[in-house]
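Asker: Given next are the chains, with one letter for each unit.
2 protein chains.
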Amino acid sequence: MLIPNTNYNQLKQSYLFHNIALKVNDFQSRHPDKKIYRLGIGDVSLPLCPCVCEQLHAAVEDQAHAETFHGYMPECGAPFLREAVAKHYKARGVNISDNEVYISSGASDELGDILDLFDKSSAALVIEPAYPAYVDANIIAGRKIVHLACGAYNSFLPEPGDADADLIYICSPNNPTGAVFDREKLAKWVRYANERGAVILFDAAYEAFIEDEALPHSIFEIEGARTCAIEICSLSKTAGFTGTRLGYTVIPKELERGGMNLGEMWVRNRTTKTNGVSYIIQKGAAAVFTEQGQKQIHQNINIYKQNAKVLTQVFDKLGIWYCGGSNAPYVWIQCPANMTSWEFFDYLLNEIQVIGTPGAGFGSCGEGYFRFSSFADTQDTEIAAQRIYQLLNK
Amino acid sequence: MLIPNTNYNQLKQSYLFHNIALKVNDFQSRHPDKKIYRLGIGDVSLPLCPCVCEQLHAAVEDQAHAETFHGYMPECGAPFLREAVAKHYKARGVNISDNEVYISSGASDELGDILDLFDKSSAALVIEPAYPAYVDANIIAGRKIVHLACGAYNSFLPEPGDADADLIYICSPNNPTGAVFDREKLAKWVRYANERGAVILFDAAYEAFIEDEALPHSIFEIEGARTCAIEICSLSKTAGFTGTRLGYTVIPKELERGGMNLGEMWVRNRTTKTNGVSYIIQKGAAAVFTEQGQKQIHQNINIYKQNAKVLTQVFDKLGIWYCGGSNAPYVWIQCPANMTSWEFFDYLLNEIQVIGTPGAGFGSCGEGYFRFSSFADTQDTEIAAQRIYQLLNK
Numbered sequence: 002m003l004i005p006n007t008n009y010n011q012l013k014q015s016y017l018f019h020n021i022a023l024k025v026n027d028f029q030s031r032h033p034d035k036k037i038y039r040l041g042i043g044d045v046s047l048p049l050c051p052c053v054c055e056q057l058h059a060a061v062e063d064q065a066h067a068e069t070f071h072g073y074m075p076e077c078g079a080p081f082l083r084e085a086v087a088k089h090y091k092a093r094g095v096n097i098s099d100n101e102v103y104i105s106s107g108a109s110d111e112l113g114d115i116l117d118l119f120d121k122s123s124a125a126l127v128i129e130p131a132y133p134a135y136v137d138a139n140i141i142a143g144r145k146i147v148h149l150a151c152g153a154y155n156s157f158l159p160e161p162g163d164a165d166a167d168l169i170y171i172c173s174p175n176n177p178t179g180a181v182f183d184r185e186k187l188a189k190w191v192r193y194a195n196e197r198g199a200v201i202l203f204d205a206a207y208e209a210f211i212e213d214e215a216l217p218h219s220i221f222e223i224e225g226a227r228t229c230a231i232e233i234c235s236l237s238k239t240a241g242f243t244g245t246r247l248g249y250t251v252i253p254k255e256l257e258r259g260g261m262n263l264g265e266m267w268v269r270n271r272t273t274k275t276n277g278v279s280y281i282i283q284k285g286a287a288a289v290f291t292e293q294g295q296k297q298i299h300q301n302i303n304i305y306k307q308n309a310k311v312l313t314q315v316f317d318k319l320g321i322w323y324c325g326g327s328n329a330p331y332v333w334i335q336c337p338a339n340m341t342s343w344e345f346f347d348y349l350l351n352e353i354q355v356i357g358t359p360g361a362g363f364g365s366c367g368e369g370y371f372r373f374s375s376f377a378d379t380q381d382t383e384i385a386a387q388r389i390y391q392l393l394n395k
Numbered sequence: 002m003l004i005p006n007t008n009y010n011q012l013k014q015s016y017l018f019h020n021i022a023l024k025v026n027d028f029q030s031r032h033p034d035k036k037i038y039r040l041g042i043g044d045v046s047l048p049l050c051p052c053v054c055e056q057l058h059a060a061v062e063d064q065a066h067a068e069t070f071h072g073y074m075p076e077c078g079a080p081f082l083r084e085a086v087a088k089h090y091k092a093r094g095v096n097i098s099d100n101e102v103y104i105s106s107g108a109s110d111e112l113g114d115i116l117d118l119f120d121k122s123s124a125a126l127v128i129e130p131a132y133p134a135y136v137d138a139n140i141i142a143g144r145k146i147v148h149l150a151c152g153a154y155n156s157f158l159p160e161p162g163d164a165d166a167d168l169i170y171i172c173s174p175n176n177p178t179g180a181v182f183d184r185e186k187l188a189k190w191v192r193y194a195n196e197r198g199a200v201i202l203f204d205a206a207y208e209a210f211i212e213d214e215a216l217p218h219s220i221f222e223i224e225g226a227r228t229c230a231i232e233i234c235s236l237s238k239t240a241g242f243t244g245t246r247l248g249y250t251v252i253p254k255e256l257e258r259g260g261m262n263l264g265e266m267w268v269r270n271r272t273t274k275t276n277g278v279s280y281i282i283q284k285g286a287a288a289v290f291t292e293q294g295q296k297q298i299h300q301n302i303n304i305y306k307q308n309a310k311v312l313t314q315v316f317d318k319l320g321i322w323y324c325g326g327s328n329a330p331y332v333w334i335q336c337p338a339n340m341t342s343w344e345f346f347d348y349l350l351n352e353i354q355v356i357g358t359p360g361a362g363f364g365s366c367g368e369g370y371f372r373f374s375s376f377a378d379t380q381d382t383e384i385a386a387q388r389i390y391q392l393l394n395k
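Protein sequence lines correspond, in order, to chains A and B.
Residue 2 is where the first sequence starts when you use the working numbering, and the numbers rise one by one after that.
Residue 2 is where the second sequence starts when you use the working numbering, and the numbers rise one by one after that.
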């Protein structure tokens, strides 16, 4: 009899977005005339940039003609895109060679797949509140999870302390809190990882939202990171690729554990378990790294940043504690009047038809907090912000 | 200290395509004037069909405008594509519901990822000669491999016998042999799997090449398969998607092991470890399943079939044993004059500049056999076939 992977039985059902949908549908059926302002889900709303679309069209045309047709792509990424990513790092002063860059179908895919590199006996450290997939992917792999809770007392940017785990997830700028590690704090984690031989999985999906020049976009801006870190990046929020799918991962050549080179292992993994990412999408992605592409994606990012500002200005006026909002697309607030995060959710929905995400959905230490996303339509965001101000300024 | 996955140390280096490249480069440098006829690698050469390209362009335009823009896709596939695939099965008399269809980035990706469903204590049965990734993906997962060798004596279509394994790989039409299981032989495997509670991973990547109406395209044409099989399909060879990337997988609702439902586990896996397949590519893929799409892809497939026929006619005239070539894009021949497969490779390269793939690269029982692919240019295939005839008819 085939034995299934019984680790799945250890997964907790996440009812977060399901419950949100149920509550919203219920409200809408009782009040079909009321417009709902959705500041909940972290999906982008602006279309792909013109220069990306132009290259996508050109790549489709390449696939339409025998002379320009592309069959199987190199499993670790097309050379033109690996080179474009490496140049992008160099422009920020980070030396990464082309073949340290691995093209993926997106950060969420890669965050799951990369676990193939590690023995299941190594525990995973998850800083909470956190993106739920970190925990679930490790439970499926049979790995022990060490939860490191944080809160407003440490600005949601904890230090390593005495956490006992060798696979460390750091997401900065953070989802859901919007908090960003500065160089000094990140250097402590790099030191800790090098000292104990741990590996940091650095989720940099939101790096393009950093505007403060003192903050690191990449963990490889920190000395010592090349011997302890893997960086996982995505064009989802950077260039609106949530539905178009492309990411990239950096594994430095120096990264070894137990005498095994993780980059070489990853090459072997990709050549076994994939046939590369779509030529069409890689071609579109390369446009993001051109001068014109950078200009165009930052026009979109600035719209989201402006949305975030509209929200943080309201919380400033109301005197509500928050983090994020600058250098990050999420604003993470403390629920007013000691409401739980689901109470606050219901309050906003019923009173002013604004939807956010209850912090309890990101781990128990997220209770009492609430996430707003800046990815919604600008006009909707402005109306929602006004309504929040009027409601909470009573 | 983080412990790496030491199973990687058990992987054997595959020098197959690397050695082929070395030998070809060496020959070409000594004979720069000689043209090489490449009937080795299993990659397509014809461009995507017009109706697929049209839909890819339309999908890029959708992503270019806010009103039609698509963000995150459902992790298990876009409803329009799951529906199109299910309808395609129904047209062949196989009842599959939309939510038994899971859209993937391709069969090779899925064949690796799907192993997440199984405990590593269940051994994997690989019928050899075989696509090397079956073995390697299971070695990375720490699974024991049971090799079932076959040969011309059973037409490379073995029966279950007393093989002791619970995860059974069947590729039909087969890569590399081109052999196709008929209903009766496949039914034996289905019975065997149901009796011992094994699961068959049915790789149907080449089903579109079947022309004999008596042969099954899908394992779900066999009674009892819904309780023991997962079918993994690809548009790579069906519609020239090797570099465009899209596949689909069917997990029947009835498929349970140890009280766990494999389809439900897969939904949980996909929602944790992916964010779905690119909207653009799914839109292009849907065009394959339209009436026009089926007509256009079969025009291309017929060109490859004609190439295969050109080759098999030569082997018929020469009296060389082979299988495949009809109902499959590969022709698998017995090397003449008791040559080893690498000796035959060198002989063809040096004498007539035709490249094929030595059977020894697909497992030890492939020694003495040789694979020709029908995916090359038609004129090249015709010249290569003539040269083979002249060389071996001495």
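Simulated from the structure, these hints should not be mistaken for laboratory data.
Quick caveat: nothing in here was measured; it's all calculated off a predicted structure.
Don't be surprised by glycine CBs; every beta carbon is placed ideally from N, CA and C.
Fair warning: there could be bad hints in the mix.
To be verified - In the DSSO-like style, the derived pairs of lysine-lysine whose C-alpha atoms are separated by at most 27 Å in a straight line are:
(1) A:K254 - B:K13
(2) A:K121 - B:K13
(3) B:K296 - B:K88
(4) A:K121 - B:K88
(5) A:K145 - B:K145
Said to hold, decoys possible - Ranges between beta-carbon positions, derived for each pair:
(6) B:D99 - A:K35: 50 to 60 Å
(7) B:G225 - A:K296: 20 to 30 Å
(8) B:N100 - A:L12: 47 to 57 Å
(9) B:M261 - A:K296: 23 to 33 Å
(10) A:K35 - B:A67: 22 to 32 Å
(11) B:H32 - A:E214: 35 to 45 Å
(12) B:Q387 - A:T7: 50 to 60 Å
Asker: The structure should be examined with respect to each hint, and the outcome stated for every one.
Answerer: Hint check:
1. A:K254 - B:K13: holds (22 Å)
2. A:K121 - B:K13: Status holds; Cα separation ~22 Å.
3. B:K296 - B:K88: With Cα atoms ~16 Å apart, K296 of chain B and K88 of chain B stay inside 27 Å; holds.
4. A:K121 - B:K88: violated (41 Å)
5. A:K145 - B:K145: holds (24 Å)
6. B:D99 - A:K35: 50 to 60 Å: Since D99 of chain B and K35 of chain A have Cβ atoms about 33 Å apart, the given range 50 to 60 Å is violated.
7. B:G225 - A:K296: 20 to 30 Å: violated (60 Å)
8. B:N100 - A:L12: 47 to 57 Å: violated (20 Å)
9. B:M261 - A:K296: 23 to 33 Å: For K296 of chain A against M261 of chain B, whose Cβ atoms are near 51 Å apart, the range 23 to 33 Å is violated.
10. A:K35 - B:A67: 22 to 32 Å: With a Cβ separation near 23 Å, K35 of chain A and A67 of chain B satisfy 22 to 32 Å, so the hint holds.
11. B:H32 - A:E214: 35 to 45 Å: Cβ of H32 of chain B to Cβ of E214 of chain A: about 58 Å, so the range 35 to 45 Å is violated.
12. B:Q387 - A:T7: 50 to 60 Å: holds (58 Å)
Figure legend: structure checked against the earlier numbered hints; hints not met, in rising order: 4, 6, 7, 8, 9, 11.
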